[in-house]
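Protein chains: 2
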Amino acid sequence: MSYSIILGKQDFLESLRGKTASFLLAGSVTKTCEIPNLSQAGIPGKLHLTPVLDAEFVMVKQVRSLENIATTPKGVPTPALITRAVHELKGFKEIELLNLGLETLPKIEHFTVHEFGLTPSEDITKGANIEALSLFEKGLAFAQEYVPKSDYTILAESVPAGTTTAAATAKVLGYKSENYFSSSYKNSPNELKKEVIEKSLSNTNESMDIFEKLGFVSDNMIIFSAGFILGLQATPHKLILAGGTQMASVLLVVNSVLKTMGGELDSSKISLCTTKWIAEDKNSNIKAILEQLDFKINLYASDFDFSLSSHLALKLYDEGEAKEGVGCGAALCYASINGITKEQITQKTESFLNSN
Amino acid sequence: MSYSIILGKQDFLESLRGKTASFLLAGSVTKTCEIPNLSQAGIPGKLHLTPVLDAEFVMVKQVRSLENIATTPKGVPTPALITRAVHELKGFKEIELLNLGLETLPKIEHFTVHEFGLTPSEDITKGANIEALSLFEKGLAFAQEYVPKSDYTILAESVPAGTTTAAATAKVLGYKSENYFSSSYKNSPNELKKEVIEKSLSNTNESMDIFEKLGFVSDNMIIFSAGFILGLQATPHKLILAGGTQMASVLLVVNSVLKTMGGELDSSKISLCTTKWIAEDKNSNIKAILEQLDFKINLYASDFDFSLSSHLALKLYDEGEAKEGVGCGAALCYASINGITKEQITQKTESFLNSN
Chain H
5 MSYSIILGKQ
15 DFLESLRGKT
25 ASFLLAGSVT
35 KTCEIPNLSQ
45 AGIPGKLHLT
55 PVLDAEFVMV
65 KQVRSLENIA
75 TTPKGVPTPA
85 LITRAVHELK
95 GFKEIELLNL
105 GLETLPKIEH
115 FTVHEFGLTP
125 SEDITKGANI
135 EALSLFEKGL
145 AFAQEYVPKS
155 DYTILAESVP
165 AGTTTAAATA
175 KVLGYKSENY
185 FSSSYKNSPN
195 ELKKEVIEKS
205 LSNTNESMDI
215 FEKLGFVSDN
225 MIIFSAGFIL
235 GLQATPHKLI
245 LAGGTQMASV
255 LLVVNSVLKT
265 MGGELDSSKI
275 SLCTTKWIAE
285 DKNSNIKAIL
295 EQLDFKINLY
305 ASDFDFSLSS
315 HLALKLYDEG
325 EAKEGVGCGA
335 ALCYASINGI
345 TKEQITQKTE
355 SFLNSN
Chain A
5 MSYSIILGKQ
15 DFLESLRGKT
25 ASFLLAGSVT
35 KTCEIPNLSQ
45 AGIPGKLHLT
55 PVLDAEFVMV
65 KQVRSLENIA
75 TTPKGVPTPA
85 LITRAVHELK
95 GFKEIELLNL
105 GLETLPKIEH
115 FTVHEFGLTP
125 SEDITKGANI
135 EALSLFEKGL
145 AFAQEYVPKS
155 DYTILAESVP
165 AGTTTAAATA
175 KVLGYKSENY
185 FSSSYKNSPN
195 ELKKEVIEKS
205 LSNTNESMDI
215 FEKLGFVSDN
225 MIIFSAGFIL
235 GLQATPHKLI
245 LAGGTQMASV
255 LLVVNSVLKT
265 MGGELDSSKI
275 SLCTTKWIAE
285 DKNSNIKAIL
295 EQLDFKINLY
305 ASDFDFSLSS
315 HLALKLYDEG
325 EAKEGVGCGA
335 ALCYASINGI
345 TKEQITQKTE
355 SFLNSN
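Going line by line, the protein sequences match chains H and A. Counting the first sequence from 1 gives a position; this note's numbering is that position plus 4. Counting the second sequence from 1 gives a position; this note's numbering is that position plus 4.
Incorrect hints may appear among the rest.
Pairs involving identical chains hold if they fit within one copy or between any two copies, as the list cannot separate such chains.
[Claimed, not checked] Cross-link-like lysine-lysine pairs, in silico, DSS-like; alpha carbons within 27 Å at most:
{"id": "1", "residue 1": "Lys-111", "residue 2": "Lys-65"}
{"id": "2", "residue 1": "Lys-111", "residue 2": "Lys-273"}
{"id": "3", "residue 1": "Lys-300", "residue 2": "Lys-65"}
{"id": "4", "residue 1": "Lys-65", "residue 2": "Lys-273"}
{"id": "5", "residue 1": "Lys-346", "residue 2": "Lys-180"}
{"id": "6", "residue 1": "Lys-130", "residue 2": "Lys-319"}
{"id": "7", "residue 1": "Lys-190", "residue 2": "Lys-203"}
{"id": "8", "residue 1": "Lys-94", "residue 2": "Lys-273"}
{"id": "9", "residue 1": "Lys-346", "residue 2": "Lys-300"}
{"id": "10", "residue 1": "Lys-23", "residue 2": "Lys-111"}
{"id": "11", "residue 1": "Lys-263", "residue 2": "Lys-65"}
{"id": "12", "residue 1": "Lys-352", "residue 2": "Lys-263"}
{"id": "13", "residue 1": "Lys-286", "residue 2": "Lys-203"}
Think of the hints as simulated: they come from the structure by calculation, not from any bench. Computed from a prediction, not measured in an experiment: that's the story for all the values here.
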């Protein structure tokens, strides 16, 4: 198992070989997920539970806030299974949850949950109603107080309907976004997404500053994470953004903040790690999103797929249903620089499904 | 896969089981390598590139300063492949390069390169022209400032023609050296080596002190490393010398310095780890070199060989061509105390050759 280099060079990731990692899971709910058929990241009507269940499964291999593992109507299991498989094969030194607006807390003990006094953001068609500047500053402050317990940090997310808010974020900041953002569906509900984004953007106008705009169209994870990235710049600590086009959107926000407020980013301290399913997705283009940045960024994609599996639910990943989330792409890259094999991850992931 | 104990007891190495290791690669050029047919550690006429290419390959699995992996005329691939295989299977926590006089720097980012203001040393037949005392003190100072990022440190080397300077070093210090030092060739060019060493020693005389003598006949790696070993004595940090007869020569220098300048060595903090190919080499005798020391030293040899491989280029190792270098013996010992199997290393090493 290895990884491919989509942008930049292998040196960043190679320098982390053999080192320990902290895994931060940013869990957040945007009520945009309540729009029917927009996202398949969870159980219809209960998508707000997805980040809670993902956190529980990655941390303790149990879904405590619901009877069954979150599966989509077609039965695509959450990528939390992959992240958990990696964690079992080569444990992250630390897993911590950032509560960026969950409806309920995961039922876990002994794991750190960072609280920021946040509630779920609203449906962006009605205006997300986020105090974006204050939230951004919370991300900054958290980074400045962050005491790494390992050699580097992986920042992952679980935000149902997050690709829609990510695309709206890119668009409101003036970046090209059409056909660039992915979907949890193989057949992305493009018309619906477009409608949601346009309706969302109609609440904003050009006289608004960045944070006013983001407060209407974005989500808590994106805004907080942009602050976290910039706050971490004051330290030498290395950060892997774990995700697909949502994390790319975080970087667009960073870029816009830097352009507006001044300042520079030493992007050699950060990289984005994603899955093969995102890297090869014909309906989105993470590379093109990142090429709009004014700074260079290393983009890696794991070469893992489920070609060794005969499990139909897992094979759906290779067919384009579900592609990324819960940091599974970065977890797979982490596995590959720690000597874990494709066979091991396939078997471990399968074992979770067979035991149900 | 395991290791054998040539001198001492297994306790030193066993105490490191499960611990993390930093890998320091001392890269150096002695222009002695320009003497035709003296060494086969690299591409004829370009042996000065070998340490640079070795560093690149171990760090980022790419040869950037040349098109192809350094192979000898007979096609023996560099032992850097073995070290890299181990690093992929069980990563060293840190890989750092000590620039002990390279002609060009490796093209790498994100990896620490320690600079000491050194240039390649000269051909020893003309006098190496090394400011040996100052260089020794640089090694001492580096050790005193060294902040270990892991539980123990492996000090490896890549110095083409280094066994010749190692033998000259032993001889000028009055140790028995004939037939004790190995060669990168199966059929060592003994007459040529002897000639080079004698010519080199003819530049020295008995009225010279240790460092004056070393300045004529030795190389930067040997002198610096002797200082490093002694400097590290002030700390409880454990050190593995990774190599064959060149590292043995470093210990002879340490021994002579202690005898001349006084002082004691707590050799329970250091050991030497090498390959089976060196331990069983009929044309050299690392054990006999180390038995001349006034202190005891643990000497281990990995039991790895390429008997599981059908790759002809790798089989050459088992036939006596190339035997050690780039810390491969210590890397193999490290692998064996970390549960890595002979099959895994064989397959991983083969995969590098097959992908070229």
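Hint by hint, here is what the structure shows:
Taking the closest pair of Cα atoms, Lys-111 and Lys-65 come within 27 Å of each other only inside a single copy of the chain (12 Å); across copies the shortest separation is 43 Å, beyond that limit. Only between protomers do Lys-111 and Lys-273 lie at most 27 Å apart by alpha-carbon distance; the minimum there is 18 Å, versus 34 Å within a single protomer. Proximity of Lys-300 and Lys-65 under a CA criterion of 27 Å is satisfied inter-copy only: 22 Å between copies versus 37 Å inside one chain copy. In the homo-oligomer, the alpha carbons of Lys-65 and Lys-273 lie at most 27 Å apart only across protomers (21 Å), although the nearest pairing inside one protomer, at 31 Å, exceeds that limit.
Taking the closest pair of Cα atoms, Lys-346 and Lys-180 never come within 27 Å of each other, the shortest separation being 35 Å inside a single copy and 51 Å across copies. When the C-alpha separation of Lys-130 and Lys-319 is checked against a cutoff of 27 Å, the pair qualifies neither within a copy, at 37 Å, nor between copies, at 68 Å. Taking CA atoms no more than 27 Å apart as the test, Lys-190 paired with Lys-203 passes inside one copy only; the shortest distance there is 24 Å, against 74 Å between copies. When the C-alpha separation of Lys-94 and Lys-273 is checked against a cutoff of 27 Å, the pair qualifies both within a copy, at 23 Å, and between copies, at 23 Å.
In this assembly of identical chains, Lys-346 and Lys-300 lie within 27 Å of each other by CA distance neither inside one copy nor across copies; the values are 30 Å within and 40 Å between. Only between protomers do Lys-23 and Lys-111 lie at most 27 Å apart by alpha-carbon distance; the minimum there is 22 Å, versus 30 Å within a single protomer. When the C-alpha separation of Lys-263 and Lys-65 is checked against a cutoff of 27 Å, the pair qualifies neither within a copy, at 42 Å, nor between copies, at 36 Å. In this assembly of identical chains, Lys-352 and Lys-263 lie within 27 Å of each other by CA distance neither inside one copy nor across copies; the values are 45 Å within and 46 Å between.
For the identical chains of this complex, Lys-286 and Lys-203 are intra-copy neighbours only, at 26 Å inside a copy versus 68 Å across copies, given an alpha-carbon limit of 27 Å.
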